[in-house]
Amino acid sequence: MTDILSYNGGTIVAMAGDRCVAIASDRRLGVQYTTIATDMTRVFKMHDRLLLGLTGLATDLTTLRNLFNFRLNLYKMREGRLIKPKTFANLVSSTLYAKRFGPYFCEPVIAGLDDEGNPFLCAMDLLGASSNDDSFVVCGTSAESLLGTCETFYQPGLGPDDLFETISQCLLSALDRDCLSGWGAEVYILTPSGITHKTLKARMD
Amino acid sequence: MAVAFDGGVVMGADSRTTTGSYIANRVSDKITPLIDRVYCCRSGSAADTQAVSDMVRHYSASVSLELGEDPTVRTVASLLSLICYRNKWLLAGIICAGWDKRRGGQVFTVNLGGALLEQPFSIGGSGSSYIYGYCDEHFRKGMSKEECVEFVTKALTHAMSRDGSSGGVIRLVIIDEAGVERRFVPGDKLL
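If you read the sequences in order, they're chains A and B. Mapping of the first sequence onto our numbering: position 201 corresponds to residue 184, and the numbering continues sequentially without gaps. Mapping of the second sequence onto our numbering: position 128 corresponds to residue 244, and the numbering continues sequentially without gaps.
No lab work stands behind these hints, which were simulated from the structure alone. Don't take every hint at face value.
[Claimed, not checked] Derived BS3-like pairs: lysine-lysine, alpha-carbon spacing no greater than 25 Å straight-line: (1) 28(A) x 59(A); (2) 28(A) x 184(A); (3) 305(B) x 184(A); (4) 204(B) x 217(B); (5) 67(A) x 28(A); (6) 261(B) x 204(B); (7) 270(B) x 184(A); (8) 181(A) x 305(B).
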């Protein structure tokens, strides 16, 4: 149990384009080096303009997903509107920090479009320290590799199709160098007109 | 892994070398030549196995100078075993296989402690845990060369599929009286 955050494996990357965001994750669920499942979902739709990706310990992933769905339902009931990505990011951050001395072993990535259609990206560590970025954010076991590939291939102002190509190639190259992530990938592209979901074929090892 | 057939051996390995969870080399060659018709499959610490196989290559060359002909597969395997036994702190699991004119194709395993064991087929490395059942079920005595190649390819595919520290491509080495043939199965053509 040396590193709890890499026990189950998993990687997520999110990128911003011209009035669109993309978030991509791998599909492997493992127990250290053994692969258990290859159809794990790590990215969840919070509402039509907000996607939440979670990396880290799978059990905390499930717990947090359910917790945030619950909190969003309450918010929608009380406010009568959908939560803004910025506000949701704050919600996630404070939920994680509330467990400062016994944290959830999860590192979330939030991707959304605000009311004007501008992209919003945010990545957090397991204690809720958030970093906002206009370009890309990464989390998970191949985060360092992803930083390299994203720095190289990212350009600002990409349209939805180009953004899809770029984020897919960045993720697939990084997955090729990581034992704990892989087994396929899924990409979500969020534009003002809706969410497209695509699955990528990758190395199955 | 390595499998003996009548007239030679088929050796196969994946191509992933890792430092922790980072894949340092995804196309490595884990099957190394020792003498003309004897190769070894290396598993464990890459540094240790490279050092040991380099030393055995050197010692085997000395033996062949003294004998005037190549040493037998068992001799080369014994040299590996001696080095591993006398240096117990090494992390080296080696499968030594090849062909010699006295006994044809042979497969020897040298485990972590340095024990030498001759087997009809042998599997090793972290991915081997996942294919003990598969191999025990599908191995038959008296398989032909091509049947052995298919057996090795399928077994390795299964192991690479389940084990995070195994993957990449499959490298095969087929050794018989006529010589040594190298085959390559790329990642997207695994069975």
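Checklist entry - Regarding the pair residue 28(A) and residue 59(A), is the alpha-carbon distance no greater than 25 Å? => result 15 Å, holds
Next on the checklist: For a C-alpha distance cap of 25 Å, please report whether residue 181(A) and residue 305(B) respect it.
Outcome noted: 24 Å, holds
Item to check | Pairwise hint evaluation, residue 217(B) against residue 204(B), where the allowed Cα distance is 25 Å at most | outcome: 32 Å, violated
Next on the checklist: Between the alpha carbons of residue 261(B) and residue 204(B), is the straight-line distance 25 Å or under?
Outcome noted: 36 Å, violated
Checklist entry - For the pair supplied as a hint, residue 305(B) and residue 184(A), is the alpha-carbon distance within the 25 Å limit? => result 14 Å, holds
Next on the checklist: Please verify whether residue 270(B) and residue 184(A) have alpha carbons no more than 25 Å apart.
Outcome noted: 21 Å, holds
Item to check | Satisfaction of hint between residue 184(A) and residue 28(A), Cα-Cα up to 25 Å | outcome: Answer holds: residue 28(A) to residue 184(A) is near 22 Å, not above 25 Å.
Checklist entry - Hey, residue 67(A) versus residue 28(A), does the alpha-carbon distance stay inside 25 Å? => result Judged against 25 Å, a Cα distance of about 14 Å means the pair holds.
In this structure, the hints that do not hold are numbers 4 and 6, in rising order.
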